[in-house]
Amino acid sequence: ARSQGSLGKGLLALLSRDTLDEEAWEDIETTLITADVGVAPTQELVERLRTRVRVEGVTADQARAILREELVALLDPTLDRSLKVERKGDQPAVVMVVGVNGTGKTTTVGKLARVLVAEDKHVVLGAADTFRAAAADQLQTWGERVGVRTVRGPEGGDPASIAFEAVKQGIDESADVVLIDTAGRLHTKTGLMDELGKVKRVIEKSAEVDEVLLVIDATTGQNGLTQARVFAEVINVTGLVLTKLDGTAKGGIVIAVQRELGVPVKLVGLGEGADDLAPFDAEQFVDALLD
Amino acid sequence: MFDTLSDRLSAAFKNLRGKGKLTDADIDATAREIRIALLEADVALPVVKEFIAAVKERAGGAEVRGGLNPAQQVIKIVNEELVRILGGETRELRFAKRPPTVIMLAGLQGAGKTTLAGKLAKWLKESKHQTPMLVAADLQRPNAVTQLQVVGERAGVPVFAPEPGNGVGDPVEVARQAMEEARTKQHSVVIVDTAGRLGVDEELMKQAADIRDAVTPDEILFVVDAMIGQDAVNTAQAFLDGVGFDGVVLAKLDGDARGGAALSIAQVTGRQVMFASNGEKLEDFDVFHPDRMASRILGMGDVMSLIEKA
Ligand SMILES: Nc1nc2c(ncn2[C@@H]2O[C@H](COP(=O)(O)OP(=O)(O)OP(=O)(O)O)[C@@H](O)[C@H]2O)c(=O)[nH]1
Ligand SMILES: Nc1nc2c(ncn2[C@@H]2O[C@H](COP(=O)(O)OP(=O)(O)OP(=O)(O)O)[C@@H](O)[C@H]2O)c(=O)[nH]1
Ligand SMILES: [Mg+2]
Ligand SMILES: [Mg+2]
Chain C
2 ARSQGSLGKG LLALLSRDTL DEEAWEDIET TLITADVGVA PTQELVERLR TRVRVEGVTA
62 DQARAILREE LVALLDPTLD RSLKVERKGD QPAVVMVVGV NGTGKTTTVG KLARVLVAED
122 KHVVLGAADT FRAAAADQLQ TWGERVGVRT VRGPEGGDPA SIAFEAVKQG IDESADVVLI
182 DTAGRLHTKT GLMDELGKVK RVIEKSAEVD EVLLVIDATT GQNGLTQARV FAEVINVTGL
242 VLTKLDGTAK GGIVIAVQRE LGVPVKLVGL GEGADDLAPF DAEQFVDALL D
Chain A
254 MFDTLSDRLS AAFKNLRGKG KLTDADIDAT AREIRIALLE ADVALPVVKE FIAAVKERAG
314 GAEVRGGLNP AQQVIKIVNE ELVRILGGET RELRFAKRPP TVIMLAGLQG AGKTTLAGKL
374 AKWLKESKHQ TPMLVAADLQ RPNAVTQLQV VGERAGVPVF APEPGNGVGD PVEVARQAME
434 EARTKQHSVV IVDTAGRLGV DEELMKQAAD IRDAVTPDEI LFVVDAMIGQ DAVNTAQAFL
494 DGVGFDGVVL AKLDGDARGG AALSIAQVTG RQVMFASNGE KLEDFDVFHP DRMASRILGM
554 GDVMSLIEKA
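In order, the protein sequences belong to chains C and A. Take the first sequence: its letters are residues 2 to 292, numbered as in my numbering. Take the second sequence: its letters are residues 254 to 563, numbered as in my numbering.
Just so you know, these hints were derived from the structure itself, not from any lab. The structure displayed is predicted, hence computed values, not measured ones. Among the hints, a few may not be true.
[Said to hold, decoys possible] Straight-line distance between alpha carbons at most 30 Å, and here's what the computed BS3-like set of lysine-lysine pairs gives:
1. 329(A) x 438(A)
2. 534(A) x 201(C)
3. 329(A) x 199(C)
4. 190(C) x 378(A)
5. 89(C) x 206(C)
6. 122(C) x 190(C)
7. 190(C) x 534(A)
8. 381(A) x 438(A)
9. 89(C) x 201(C)
10. 267(C) x 201(C)
11. 190(C) x 201(C)
12. 206(C) x 190(C)
Working from the sequences, and respecting the hints, build out all of it.
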């Protein structure tokens, strides 16, 4: 059996062949499945590719470009992936960061703050994770690292009131952006999911929430779709962040997630450092997925 | 998802019902459904292939035997194969002949290591009457040390944390000092929490190996998120090669991920899952049950009831 690493190269080689035999089709499927694209989307893609190869009478060489094209199209490069982080009148933009446990929410808040500070924005962080041990300390360390203030409360305190406090602080300080870090929660925990809805509602007493970023770990398999569905039901998700793309996982699940939620991947996490955050680029993502 | 699997298998088995012997076509149809189910449960593709091949081979000769028709026999074979790969009987933690027993935790970022450190400590203290000490050897992640201190306090066990972390201090040196500390204070178990790292990060993998060499662990546990997808095999292999591990802990099993990674990792590395971490609280911890996991991966609760219907 070929090792995972060489599969992509093998795929390109196979697609460059004159004819696409069954083995070649199976290898295309392998590449997609091992990238966590999922069985059903993979089968759909392969079917479409087969049809186009048949109907358009393309050469195997062109088929390679078509697969890439189909994947890029699935991710819709025309979607607006910009973040709403502009002040609205006398109010700061408010961004909430949500997701299941350990995906990289707090780190993403830190990195995002860094980007915003570099754009000369005045940023306030809100530590609305009062549950995880030392979560507020972790966020505050990030805040100090990038030079912004963190509003925090007691461990075990009410996350909604800390979020409210942070937004109030943002308003008082005439901040441009308030970033709210929330506790990781599995989508299956209804109590915690309700709490998330409450945090948003309480913030909305004083300011509009402009962005709700759902953070998905690139290593996540098919459960990612279920997670995204439930989060989107509870809170109006406006963008996805795909973290840990610096590892060997391809993050193919976001293709299905973006399609199902109709919400674009906006950012990618590429490491643990403050500068390891980048805008999502559909073509780059697809190239890495097929590599 | 569970429903689809039941539906699929029901459909596949409808044709098998009442037959005395399985044809190759029957077996192929069944194998296709099982393949999809395994992939949807995040079992790694190469592992799925091997698994299906093994099931097909065993199912080939299936005849009406022991009151089970061929369809029922296929399900039984699938279940047996799953449990076999997952490790059959649960393995016990190995304790050192001369204490302290050293347990080192390793894994990807955010997998659940630090939380597990607290759970293990509490469990060892309360159920096994040990006197554990936690070691803060993640000096990298912001406030990883503080987090372990809070966890230790909740578990009611001391935390050895001579360095503040956040980039300050040498984890290998901390590990070394921890052994002296444990001997002086006569702790029976030492649990070393390490920073999350990627399989491809050679530098950090070398650091993990250095920590290992400093403490010579009795058990290195690879902690993995139950939600992980196809990358599980690459990562598990990278940790096996880079630092080695003796057992696996599946974390965040309280969600609804099927946890196919358990099968992938067990098959590819030959290391068993020993513990299940199933919640954020310190008591959300259990020894691993291969039979339950088999049911979970394939929705076998449903599948078993299909036997009755088949
Ligand atoms: N390699 C890599 N590691 C990352 C990335 N983003 C976050 N991490 C690491 O992943 C781990 C978890 O990150 P956190 O930011 O604490 O995740 P979280 O979602 O806030 O976790 P909870 O609040 O516990 O749910 C940490 O060790 C981070 O350093 C990334 O893009 N790449
Ligand atoms: N629901 C649930 N959450 C868990 C479980 N284990 C850990 N967590 C959560 O997952 C997140 C990450 O856990 P940690 O223990 O910090 O993970 P880690 O592997 O030490 O992370 P790094 O040190 O950043 O690599 C935290 O929010 C934990 O509360 C579990 O079994 N179930
Ligand atoms: Mg966090
Ligand atoms: Mg940790």
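Against the structure, the hints:
1. 329(A) x 438(A): Judged against 30 Å, a Cα distance of about 52 Å means the pair is violated.
2. 534(A) x 201(C): Holds - the C-alpha atoms of residue 201(C) and residue 534(A) are around 25 Å apart, at most 30 Å.
3. 329(A) x 199(C): 47 Å, violated
4. 190(C) x 378(A): Given pair residue 190(C), residue 378(A) holds - Cα atoms ~29 Å apart, limit 30 Å.
5. 89(C) x 206(C): 16 Å, holds
6. 122(C) x 190(C): Since the Cα atoms of residue 122(C) and residue 190(C) sit roughly 36 Å apart, the hinted pair is violated (cutoff 30 Å).
7. 190(C) x 534(A): 13 Å, holds
8. 381(A) x 438(A): Measuring from Cα to Cα gives roughly 19 Å; hence the hint holds.
9. 89(C) x 201(C): At roughly 18 Å apart (the allowed maximum being 30 Å), residue 201(C) and residue 89(C) satisfy the hint.
10. 267(C) x 201(C): 21 Å, holds
11. 190(C) x 201(C): Satisfied, since the Cα-Cα distance of roughly 17 Å is no more than 30 Å.
12. 206(C) x 190(C): 25 Å, holds
Checked against the numbered hints above, the structure violates hints 1, 3 and 6; every other hint is satisfied.
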